[in-house]
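Number of protein chains: 2
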Amino acid sequence: MIDLPSPYLLFLGNATDELAAKTAKALFEWAPEKCLGQISLPECTVKLSLPELSIQRARSMGAASLVIGCTAPGGSIHPSWHPILLDALKEGLHLINGLHEQLASIPILASEAAKTNKQIIDLRQTSTPLPIGKGLKRQGKRLLTVGTDCSIGKMYTSLCLYHALKEAGVKSSFRATGQTGMMIAGSGVAIDAVIADFIAGAAEQLSPGNEPEHWDIIEGQGSIMHPSFSGVSLGLLHGSQPDAIVLCHEPTRTHMRGLSHYPMPSLQECLDLSLSLARITNPEASCLGISVNTSRLNPESRKEVLQQIADETGLLAVDPKLDITPLTERIHSLC
Amino acid sequence: MIDLPSPYLLFLGNATDELAAKTAKALFEWAPEKCLGQISLPECTVKLSLPELSIQRARSMGAASLVIGCTAPGGSIHPSWHPILLDALKEGLHLINGLHEQLASIPILASEAAKTNKQIIDLRQTSTPLPIGKGLKRQGKRLLTVGTDCSIGKMYTSLCLYHALKEAGVKSSFRATGQTGMMIAGSGVAIDAVIADFIAGAAEQLSPGNEPEHWDIIEGQGSIMHPSFSGVSLGLLHGSQPDAIVLCHEPTRTHMRGLSHYPMPSLQECLDLSLSLARITNPEASCLGISVNTSRLNPESRKEVLQQIADETGLLAVDPKLDITPLTERIHSLC
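Chains as they are written, first to last, in my numbering: chain A, 1 to 335; chain B, 1 to 335.
Fair warning: there could be bad hints in the mix.
Stated by the list, open to error - Partial list, derived from the structure: chain A residues whose beta carbon lies under 8 Å from chain B:
| hint | residue |
| --- | --- |
| 1 | 191 |
| 2 | 196 |
| 3 | 228 |
What the hints assert, rightly or not - Subject to a maximum C-alpha distance of 25 Å in a straight line, what follows is the list of computed DSS-like cross-link-like pairs (lysine-lysine):
| hint | chain 1 | residue 1 | chain 2 | residue 2 |
| --- | --- | --- | --- | --- |
| 4 | A | 321 | A | 22 |
| 5 | B | 321 | B | 303 |
| 6 | A | 22 | B | 134 |
| 7 | B | 47 | B | 22 |
| 8 | A | 47 | A | 34 |
| 9 | B | 22 | A | 134 |
In short, the hints are calculated from the structure, not lab data. Just so you know, even glycine gets a beta-carbon here, dropped at the ideal spot from N, CA and C.
Input sequences plus hints: build the corresponding full structure.
Structural data, given as structure tokens:
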């Protein structure tokens with residue numbers, strides 16, 4: 001279990017598109033009480049509804065940690081970020097990082113952290129020993145969000161479902177598998193950072209046996225259809241043994257994230273493959289519905305697109321931002 | 001590139017079944033010129049056609065390295081192995097290890113290696129930086145062996161195919177993805193030891209673009225149907241972008257390796273899923289045939305079982321130990 005000191009100052013780096021700052025955006029949306037302000041480089045074009053603060057100002061307002069809320073290609077720490085990170089340590093903030101490259105491996109930061117006695121918390125550290133997946137049936141119910149692509153609303157959908165279930169009095173837990181989810185939940189496993197042989201084992205450990213009527217809402221990662229990350233997605237699917245999956249989709253996307261030469265897969269193909277693979281470890285797995293991010297559609301065409309997707313797949317299609325109720329009712333019917 | 005000093009003394013530990021000593025067996029089969037002898041603990045019941053040597057005797061015969069040729073559950077180094085490993089270093093041998101647990105992390109061995117100036121070569125070190133998979137089409141032909149289960153003949157089939165192609169004058173390379181293959185080939189990547197996000201990227205790096213008529217014969221790992229390791233298998237499948245797959249099978253196995261509660265999948269189901277998934281990164285992927293390990297069948301029923309499998313799948317079914325020619329001819333027809 002990792003303890004993350006808050007409140008946070010969110011670092012947006014040189015992000016020029018919303019997806020590159022999705023960690024900061026999600027943190028502000030799901031844990032606003034932890035977010036004091038933002039700090040960014042001049043070329044950054046992303047804005048949150050948070051004040052832009054200097055490190056000194058954030059510190060004087062009580063910030064405990066600077067959180068890296070943006071990404072750079074390949075998961076690395078951009079050299080242009082070093083001065084701000086160094087200043088943060090000098091001013092007495094901890095650093096929280098969910099990218100692949102470890103802050104602790106940057107000598108100038110590591111030595112400054114030692115000098116000021118501040119923590120560098122690299123969420124993707126892979127030093128914790130993990131078990132090999134065993135595939136044994138566990139008590140309790142599990143739902144996993146899967147996707148037609150990366151960065152398509154799996155964490156968002158999971159958090160909406162979790163909060164709706166909590167509100168309805170259903171026993172449930174949000175199980176985080178990515179750095180942002182971990183920052184929101186305060187625990188979890190960065191599943192894409194574990195050693196390949198232990199992906200399923202990590203997923204099993206994340207979602208242990210529970211009371212029969214308890215629901216684990218497990219944050220999905222990547223897509224079994226994504227050529228870069230499919231291994232992570234399949235290991236997570238097999239280890240989670242979901243009773244239910246929800247397929248997340250973004251109807252305006254024309255190609256897979258990061259791969260302009262790969263068109264988006266069809267919903268039906270992704271659904272069929274997901275269920276065929278899920279049933280290897282849970283023969284009862286079913287799909288409860290499609291979670292559609294309609295935010296890039298004209299408001300007047302949203303209902304129509306949801307209806308089209310429902311007709312095409314024969315399943316519920318909802319935008320969780322508009323109304324998650326039909327999906328939560330489906331979960332109730334499985335309780 | 002890792003350079004492995006030979007000849008080897010093969011350490012069989014406390015192996016009591018053939019699969020537990022498969023590394024040593026395969027090394028002796030495919031690189032006999034490198035194997036001087038074996039050394040084992042009293043409870044070991046596996047025997048190779050190699051002399052049992054003391055470390056001193058092996059050293060005096062010219063051995064350069066002690067190779068861990070056996071496995072223990074979870075990929076760990078059994079404490080009962082420590083005295084022999086320590087003696088090997090003291091007598092001047094290097095240590096070569098393909099298990100998950102790193103010999104270099106055992107203080108008594110690390111300090112002895114430093115003292116005697118001998119190398120500890122942990123093949124599953126994950127320190128090398130790897131790229132994210134890009135899914136870009138590469139020149140050259142690729143064949144990947146896949147399996148209905150783990151430890152079912154994927155490396156064996158790959159090596160048979162590679163040698164048959166070499167003999168027939170076809171340009172080809174054997175691409176090793178496991179520790180034994182690496183010991184045989186002298187290079188490769190332990191694909192199950194990479195960070196989950198980089199599985200496909202590692203597979204792409206292992207099998208780079210080549211001459212149009214060159215064949216990479218890529219050693220498969222695990223099975224997309226195996227609940228413990230499917231993530232590794234899918235990442236390798238997507239990163240390899242095989243033009244051809246060969247499905248490896250063992251007809252007497254009743255359940256998946258290590259999972260007595262999982263019956264073996266059907267050949268057809270495994271074939272269909274493998275091709276559906278392979279075609280995500282190579283729409284032209286096809287299955288050339290089934291490689292069947294018939295060694296546990298009565299000799300008189302072998303032909304019949306191969307014919308049954310051929311009828312069931314509509315594909316070639318061969319035992320590479322008996323005759324690999326029909327499969328190599330299929331590859332020729334694709335050249």
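Tested hints:
1. Hint status for residue 191 of chain A: holds, given a least beta-carbon distance of 7 Å to chain B, under 8 Å.
2. Because the beta carbon of residue 196 of chain A sits about 5 Å from the nearest beta carbon in chain B, less than 8 Å, this interface hint is met.
3. Nearest Cβ of chain B to the Cβ of residue 228 of chain A: about 4 Å, under the 8 Å cut. The hint holds.
4. This hinted pair checks out: residue 321 of chain A and residue 22 of chain A have alpha carbons roughly 16 Å apart, not beyond 25 Å.
5. Distance hint between residue 321 of chain B and residue 303 of chain B is fulfilled; the C-alpha atoms sit about 13 Å from each other, no more than 25 Å.
6. For the hint linking residue 22 of chain A to residue 134 of chain B, the alpha-carbon distance of about 22 Å falls within 25 Å, and the restraint holds.
7. For a cut-off of 25 Å, the pair hint linking residue 47 of chain B to residue 22 of chain B stands: about 11 Å separates their Cα positions.
8. The suggested pairing of residue 47 of chain A with residue 34 of chain A holds, with an alpha-carbon distance near 17 Å, which does not exceed 25 Å.
9. Taking the CA atoms of residue 22 of chain B and residue 134 of chain A, the gap is about 22 Å. The hint holds against a cut of 25 Å.
In the structure shown, no violation is registered for any of the earlier numbered hints.
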